[in-house]
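Protein chains: 4
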Amino acid sequence: MKEVAKLTISCPDRKGLVARISDFVFRNGGNFLHFDQHTDLEAGVFLARMEWEVEGFQIPRERIADCFQGIALECGMRFDLAFSDDVPRIAIFASRMPHCLLDLLLRRQAGEFKADIALIVSNHSDVAEIAERFGIPFRHYPITPENKTQQEAAEIEELKANGIELIVLARYMQILSEAFVASFPNRIINIHHSFLPAFIGAQPYHQAFERGVKLIGATGHYVTSELDNGPIIEQEIIRVGHRDSVEDLIRKGRDLEKVVLARAVRLHLMHKVLTYGNKTVVFD
Amino acid sequence: MKEVAKLTISCPDRKGLVARISDFVFRNGGNFLHFDQHTDLEAGVFLARMEWEVEGFQIPRERIADCFQGIALECGMRFDLAFSDDVPRIAIFASRMPHCLLDLLLRRQAGEFKADIALIVSNHSDVAEIAERFGIPFRHYPITPENKTQQEAAEIEELKANGIELIVLARYMQILSEAFVASFPNRIINIHHSFLPAFIGAQPYHQAFERGVKLIGATGHYVTSELDNGPIIEQEIIRVGHRDSVEDLIRKGRDLEKVVLARAVRLHLMHKVLTYGNKTVVFD
Amino acid sequence: MKEVAKLTISCPDRKGLVARISDFVFRNGGNFLHFDQHTDLEAGVFLARMEWEVEGFQIPRERIADCFQGIALECGMRFDLAFSDDVPRIAIFASRMPHCLLDLLLRRQAGEFKADIALIVSNHSDVAEIAERFGIPFRHYPITPENKTQQEAAEIEELKANGIELIVLARYMQILSEAFVASFPNRIINIHHSFLPAFIGAQPYHQAFERGVKLIGATGHYVTSELDNGPIIEQEIIRVGHRDSVEDLIRKGRDLEKVVLARAVRLHLMHKVLTYGNKTVVFD
Amino acid sequence: MKEVAKLTISCPDRKGLVARISDFVFRNGGNFLHFDQHTDLEAGVFLARMEWEVEGFQIPRERIADCFQGIALECGMRFDLAFSDDVPRIAIFASRMPHCLLDLLLRRQAGEFKADIALIVSNHSDVAEIAERFGIPFRHYPITPENKTQQEAAEIEELKANGIELIVLARYMQILSEAFVASFPNRIINIHHSFLPAFIGAQPYHQAFERGVKLIGATGHYVTSELDNGPIIEQEIIRVGHRDSVEDLIRKGRDLEKVVLARAVRLHLMHKVLTYGNKTVVFD
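Protein chains in written order, with this note's numbering: chain A, 1 to 284; chain B, 1001 to 1284; chain C, 2001 to 2284; chain D, 3001 to 3284.
Since the hints were made in silico from the structure, they are not lab data.
Note that the Cβ used here is the ideal one computed from N, Cα and C, for glycine as well.
Check each hint, because a few of them may be wrong.
Said to hold, decoys possible - Straight line, CA to CA, 25 angstroms or less: simulated DSS-like cross-link-like pairs of lysine-lysine:
1. Lys-252(A) x Lys-3252(D)
2. Lys-1114(B) x Lys-1006(B)
3. Lys-1272(B) x Lys-1006(B)
4. Lys-1252(B) x Lys-2015(C)
5. Lys-6(A) x Lys-2015(C)
6. Lys-1002(B) x Lys-1114(B)
7. Lys-1252(B) x Lys-2002(C)
8. Lys-3160(D) x Lys-1015(B)
9. Lys-272(A) x Lys-2272(C)
10. Lys-1015(B) x Lys-3272(D)
11. Lys-2272(C) x Lys-2015(C)
12. Lys-1279(B) x Lys-252(A)
13. Lys-2252(C) x Lys-1114(B)
14. Lys-279(A) x Lys-1252(B)
15. Lys-3015(D) x Lys-252(A)
16. Lys-1252(B) x Lys-2272(C)
17. Lys-15(A) x Lys-2015(C)
18. Lys-3272(D) x Lys-1272(B)
19. Lys-3002(D) x Lys-272(A)
20. Lys-1272(B) x Lys-3114(D)
21. Lys-3114(D) x Lys-6(A)
22. Lys-252(A) x Lys-3272(D)
23. Lys-15(A) x Lys-2279(C)
24. Lys-2272(C) x Lys-15(A)
25. Lys-1272(B) x Lys-1002(B)
26. Lys-272(A) x Lys-2(A)
27. Lys-3006(D) x Lys-252(A)
28. Lys-114(A) x Lys-3252(D)
29. Lys-1006(B) x Lys-2252(C)
30. Lys-3114(D) x Lys-3272(D)
31. Lys-3252(D) x Lys-1015(B)
32. Lys-15(A) x Lys-2006(C)
33. Lys-3272(D) x Lys-3006(D)
34. Lys-1006(B) x Lys-2015(C)
35. Lys-1006(B) x Lys-3015(D)
36. Lys-1252(B) x Lys-3002(D)
37. Lys-1002(B) x Lys-2252(C)
What the hints assert, rightly or not - Which residues of chain A face chain D? A few of them, derived with a C-beta cut under 7 angstroms, are:
38. Arg-108
39. Glu-247
40. Asp-255
One chain only, chain A, in its complex shape:
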């Protein structure tokens, strides 16, 4: 596999953006492997994602972002540059249920995504053993109403000290404070066990059972300060029926949760997700 540069861009729409960007890459000897672009005409927003081979590119990789800065400033672009051999450091937060955590660890092991799982954080100690088995540092931060502010501050400090670029909430059953969320904007992915916006909040499977729905779902989304209301990355559903108890919903739902969270994390790590208002554009 050759090394590939990945550039994502969002900015106000104007004429010639594709030409400007592609000209920059082409003039410097790059060749696009992928070029995806979307314009929201109503909102006047331009969004794009591209990949090109680094080999033969005339700007050294560490200077590409700087060189692109001129165009970016001129066009008011937010952009993000990454490389296929980057190994971002991520932290996984879990509580008592280990299935999503374990699933991510096994997928990482199977090479389904590229990341250094640098920390496993929990408000309980149940998953400490799993962390140990996979050789990953485990941090136990019990949370009470009294210590929450303090504990979160310590967590933020530890996450920053470890250079964590993405936090994955793998069925972490604590609501993060606004301050915590603000420290990692669009850098926290949560799995919610319902097809949002149905069944926001606690015990969505119980809610679904009570309502008698014929489908249950799971939603992978970025965490914002508003509960279960951040930009949605991925959703999936499965059929249920009258023979399914709440326990069956929970069991069936675990499969959804694992798959949906893994897809959302993978898409994020491949720089395929751009946020935009309270929505995502997923260039898959």
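We have chain A already, so just place chains B, C and D on it with the hints.
Then chains B, C and D, alone, in the frame of chain A:
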């Protein structure tokens, strides 16, 4: 196709219900083609649906219900007896959008379900032409806040006079009053254009677009006095993405609405849906 | 809705293709609304699709293709240029079953795709009435082993005389000859009632029933000289069970056939499908 | 959870079967929790599954089968009686890829199904470590064309000696001989990585990639002497597109394989699958 009797039963659970029922059918020379049963242990409710061939059954079909009454009373059963050659009379309510109405008419024509579509009712006159083409009486009941009570009373009278057993709201954009709903308990099926309970009320596709969901849905349900909160019969979803405008959601959703409403109506007409609290049991 | 130009391109991969193309559009005052690109590295094939607003573009629309010819020749491109206000002429072929034909006619009426359905062709006369109701010329070409060559020649002549750009086989139950297919390369879309390559040939629902599958499907594909083996545009499935008879499979399958064929036709008409070997790239 | 008896029955259809069976249960003080029945009128086959609480049943559990034998013989029934607290002994066969094996072990650990995974068998030694971690005896049976008959004989002996009731082929990449299969009729479940009958045999993902399908699938089925042609228990699909390489198909397929195999195994262990010709009836 031989004539078949269909019996659905719900009652408090107790020992020997299956034996009592099957003994009744067997002693009278019947042979089960289908026997479906479900017990909700928590709620203590027994639900069953069965079919047997009428030919050779020793009780004449018009007397079967009477003969079963004894067991039913003893066990506190609600039961419903129907026959495969019954042709129930139904009314379809529509407003301006004709796709669900047309779809039901074409499915009826293709023999997908058995019913006499005896009336098409609308608060607008747009679908009058469709009614005429299919040779079905059309009734125009314009609704205003002022005339609603009066118009609904007239509708109820006409529906009763026509022996209507099921009302299908095929994208009928008026909320029925509590009095109207009470006149046809579990006899009104609505199609709501979202995966309920998400996006209750008006313009669910616009709500879905705003929220940035990755799936949109449709829900076929019985109408109760609480808006979009009746027992759900069937749900289905389809994937959407950032390139889909509200118009695309509406277009994709039409396919869901047609299919989900048709399935719900067909299941009801085949006596495969039992209601139970605010839920359904679908013996499919 | 503003007028939009749609350009699709496929060619051997080489450096700078995106830059060349986007420069052409930008220099002439165009602004991309969409730009989708895919490179198959293994096969060394570059594929792209783009849209830009015609208004303000400095080359008159009738001369754009000529002006682009230089780049195309230089890079060995196959390209196709279309405009959002084009109304391509299409012919629908049907046999006895009307559901796909009717579905396309109703979708056309609802504005789901833009095309002039200029001819309805059949080897039977069953759908003549539908053609008449929608005011579309109907051509009856009965096919026997003896007259097939002659009839197809007459069909081709009539299709060419009518400027037909796309032929849709809406459950047309005749196999087209190699000569016929060669006259409309990648211009004939068929709906096959199975998830190809399972159940090629006749009576796929019966085959599916015999095999006891738990899913049935439908496939929209371009017709090539090899039966049911052309490039696949779209596929969809639905769940079936032991209670489903062959008739149930046929009934459930009709919904799939309608939806899948409509999607395939719409994608083709929007110039979102590029063929490539025996595959398609669908820029949706 | 109370102890429950599970009885599955298949036999030639005749009058009064439901009455006979339910009378047997009722007379002995049983109360049905579930009663599912299906008659294939064409084939003249009656199939049923029922559950009742053991507590209060007047026949001791070890004598129920004997007591039922009379009815069974009279009606030509094949029947199977099991209890909710049974813990059947199963063996999992794997080769090099561990994902299905690991998935089953984790689901077992999470209590998703009840079984004693008594042996892990492989033609390679890659998964020995996993077996060890979960504390399950591992048997390494390398297979060559020369030793296959001998090795299989040894395997059969070991499986029988261990009282194995179900063999699960969790991506086991060896074709079992007819003799082996005949030793465990309808007791071997395989996961095939395609939506059968498409892509029988080797490398189905490569075949799917070459064919350019838009959906890939997985099939859980009983193994018979005819390759990939045994009764299908469960199937599922996922959407793929032109950006998916063979590696992406393999990755996406792993999720299907895990889920479909787990569902098939669970349904079998809950005695919800009846075979019938080359088909299954799944009373779910």
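- Could you check the structure against the hints above and give me the numbers of any it violates, in ascending order? 4, 8, 15, 19, 20, 21, 23, 31, 34, 36, 38, 39
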